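Asker: Here's the letter readout for the chains.
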Amino acid sequence: GAGVSQSPSNKVTEKGKDVELRCDPISGHTALYWYRQSLGQGLEFLIYFQGNSAPDKSGLPSDRFSAERTGGSVSTLTIQRTQQEDSAVYLCASSLSRLAGGPETQYFGPGTRLLVL
Amino acid sequence: DAKTTQPPSMDCAEGRAANLPCNHSTISGNEYVYWYRQIHSQGPQYIIHGLKNNETNEMASLIITEDRKSSTLILPHATLRDTAVYYCIVRGGGGATNKLIFGTGTLLAVQP
Numbered sequence: 001g002a003g004v005s006q007s008p009s010n011k012v013t014e015k016g017k018d019v020e021l022r023c024d025p026i027s028g029h030t031a032l033y034w035y036r037q038s039l040g041q042g043l044e045f046l047i048y049f050q051g052n053s054a055p056d057k058s059g060l061p062s063d064r065f066s067a068e069r070t071g072g073s074v075s076t077l078t079i080q081r082t083q084q085e086d087s088a089v090y091l092c093a094s095s096l097s098r099l100a101g102g103p104e105t106q107y108f109g110p111g112t113r114l115l116v117l
Numbered sequence: 001d002a003k004t005t006q007p008p009s010m011d012c013a014e015g016r017a018a019n020l021p022c023n024h025s026t027i028s029g030n031e032y033v034y035w036y037r038q039i040h041s042q043g044p045q046y047i048i049h050g051l052k053n054n055e056t057n058e059m060a061s062l063i064i065t066e067d068r069k070s071s072t073l074i075l076p077h078a079t080l081r082d083t084a085v086y087y088c089i090v091r092g093g094g095g096a097t098n099k100l101i102f103g104t105g106t107l108l109a110v111q112p
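In the order they appear, the protein sequences are chains Z and A.
Residues in the first sequence are numbered consecutively from 1, following the working numbering.
Residues in the second sequence are numbered consecutively from 1, following the working numbering.
Rather than coming from a laboratory, the hints here were simulated on the basis of the structure.
Being a predicted model, the structure only gives us computed values, none of them experimental.
Note that the Cβ used here is the ideal one computed from N, Cα and C, for glycine as well.
Check each hint, because a few of them may be wrong.
Unchecked claim - Pairwise CB distance ranges (calculated):
1) Z:59 / A:7: 24 to 30 Å
2) Z:83 / A:13: 43 to 49 Å
3) Z:42 / A:56: 24 to 30 Å
4) Z:12 / A:40: 16 to 22 Å
To be verified - Going by beta-carbon spacing under 10 Å, a handful of chain A positions derived as facing chain Z:
5) 17
6) 32
7) 34
8) 44
9) 45
10) 74
11) 99
12) 101
13) 103
Just chain A, with the same shape it has in the complex (with noise of 0.2 Å):
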C-alpha cells in the first residue's frame, strides 16, 4: 500500500473550512483514498473514500487531482466537536492487503 504524508497539526477557526492535505506520490492505479477521524478516546471513525472523482457525503468532501498524487479533506463548516486525529489511507482494491496502515496522521484543533 502507499505511504502518505501529513502536516502533524493543523488549526482552524469553528465556522470556517478546515482543509486537510494528504499526499500520496506512490499511489498505484487500483488504490483507493480513505479518511478516517480519531476523536480522543474513541475508536477509528470513517469519513469518506474515493478512487478518481471527486466525492461529497454528509460529513465531507474529498478532492483529489488529476494526478492522484494528492488530496484534500474538506470539512465545510468545523466545529469544535470535529477536533480529532484525521488520517489518509491509501489501500488497494480486491486482492490487495486488507488490513488498514494507520499514518501519524493530522491532529485538527477547532478553535472557538
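This is chain Z alone, in the form it adopts within the complex (with noise of 0.2 Å):
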C-alpha cells in the first residue's frame, strides 16, 4: 500500500522567506510526527500530533516553526522568516495509536531537503 508521503521532495529558499513543507500519512494513522537532520546529524524531534489531543510542540526549535494537521489526516511544517541554520532534511512519519503498553511502529517518509540561501 502507499506510504508516507511528503512534498516538494526538495526546496531551495533564499534567507528570510517563509516555506511550507507537506506530509500526508499512511491512511489510518492517527499518531504524525515531524524531525529533522541536518547533514551527518541524527534525527531531531519537532512535534506530534495524536488524533485530536492537543500536540507535543516540545521540539521546535524556535517560534519561527509550526505545524497544523487538518482533519486529521495531512500536515503542513512552516517555518517562516527561514535561517540558513534551517536547512536540513525534514521527515514526516505516521503511526497507528497503539494500545496502553504496547509497541507502536512509526513508518517515514522520504523527506524534503531544505536549502536556506
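Please assemble the complex out of the two chains, which come individually in their own frames, going by the hints.
Answerer: Written out as C-alpha cells, the structure reads:
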C-alpha cells in the first residue's frame, strides 16, 4: 500500500522567506510526527500530533516553526523567515495509535531537503 | 527512554550474516527495542522490534538477551543494498514519550 509521502522533495529558498512542507501520512494512521536531520547528524524531534489531542510541540526550535494537521490527515510544517541554519532534511512519520503499554511503529516518508541560501 | 550504545561502524561480506550489537543496560521493564535503518539520502526504515522474546520477520532477526541489557540484529544474508546506518532505539510502551530518539547508529558496509 501507499506509504508516507512528502512534498516537495527538494526546496531551495532565500534567507528570510517562508516555506511550507507537506506530509501525507499512511491512511488510517492517527499519529503523525515531524523530525529534522541536519547534514551528518541524527534525527531531531520537532512535533507530534495524535488524533484530536493537543500537539506535542516540545521539539520546535523557535517560534518561527509551526505545524498544522487538518482533518486528522495531511500535515503542513511552516518555517517563517527562514535562516541558513534551518537547512536540513525534514522527515515526517506516521503510526497507528497504540494500545496502552503496547509498541508503536513509526513509518517515515522520504523527507524534504531544504536549502536556505 | 534508555540510552543505547552501538559500534560506529562494521563491515560484512556480501552473502554472509551481519550481526549488529546494541547495549541498553538501563532498559526498564516496559521498554521495547526497535531497529531502524537509514540508507543514504532516504528516510529511516523500520526493521523490527521486540520486548523480551526473540523476533524474526522477512527482513531480520532480533535476539534479546535474557536480562534485556543488550540485543543483536541479524541480517541473515547481507546484500550490497543493506549498506546503511542501523539505529537501535529503546522506547517505552503506553504513556511514555512518543518521539524516537536516534543515536549515532552503526554504519554497516557490505563488501562485495
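Asker: Classify the hint on residue 101 of chain A as holds or violated, based on whether any CB of chain Z lies nearer than 10 Å to its CB.
Answerer: 7 Å, holds
Asker: With 10 Å as the cut and Cβ atoms as the points, is residue 74 of chain A at the interface with chain Z?
Answerer: 19 Å, violated
Asker: I want to verify a distance hint. Is the separation of the beta carbons of residue 42 of chain Z and residue 56 of chain A within 24 to 30 Å?
Answerer: 27 Å Cβ-Cβ, so the 24 to 30 Å window holds.
Asker: Is the hint on residue 45 of chain A kept, meaning its closest Cβ partner in chain Z is under 10 Å away?
Answerer: 7 Å, holds
Asker: With chain Z as the partner, please determine if residue 99 of chain A meets the hint condition of a C-beta pair closer than 10 Å.
Answerer: Where the cut-off is 10 Å and the nearest Cβ of chain Z is about 4 Å from residue 99 of chain A, the hint holds.
Asker: Is the hinted range of 43 to 49 Å satisfied by the C-beta distance from residue 83 of chain Z to residue 13 of chain A?
Answerer: 45 Å, holds
Asker: Holds or violated: residue 34 of chain A as interface residue toward chain Z, Cβ cutoff 10 Å?
Answerer: 8 Å, holds
Asker: Determine whether the Cβ-Cβ distance between residue 59 of chain Z and residue 7 of chain A falls within the hinted range of 24 to 30 Å.
Answerer: The hinted range 24 to 30 Å holds for residue 59 of chain Z and residue 7 of chain A, with Cβ atoms some 28 Å apart.
Asker: Measuring from the C-beta of residue 32 of chain A to each C-beta in chain Z, is the shortest one below 10 Å?
Answerer: Hint holds; residue 32 of chain A Cβ to chain Z Cβ min 5 Å, cut 10 Å.
Asker: Do the numbers back the hint for residue 44 of chain A, that is, is its least Cβ distance to chain Z under 10 Å?
Answerer: 5 Å, holds
Asker: Can we keep the residue 103 of chain A interface hint, with Cβ of chain Z closer than 10 Å?
Answerer: 6 Å, holds
Asker: Hey, does the residue 17 of chain A contact hint survive, CB to chain Z under 10 Å?
Answerer: With a closest approach of 24 Å, the residue 17 of chain A hint is violated.
In this structure, the hints that do not hold are numbers 5, 10, in rising order.
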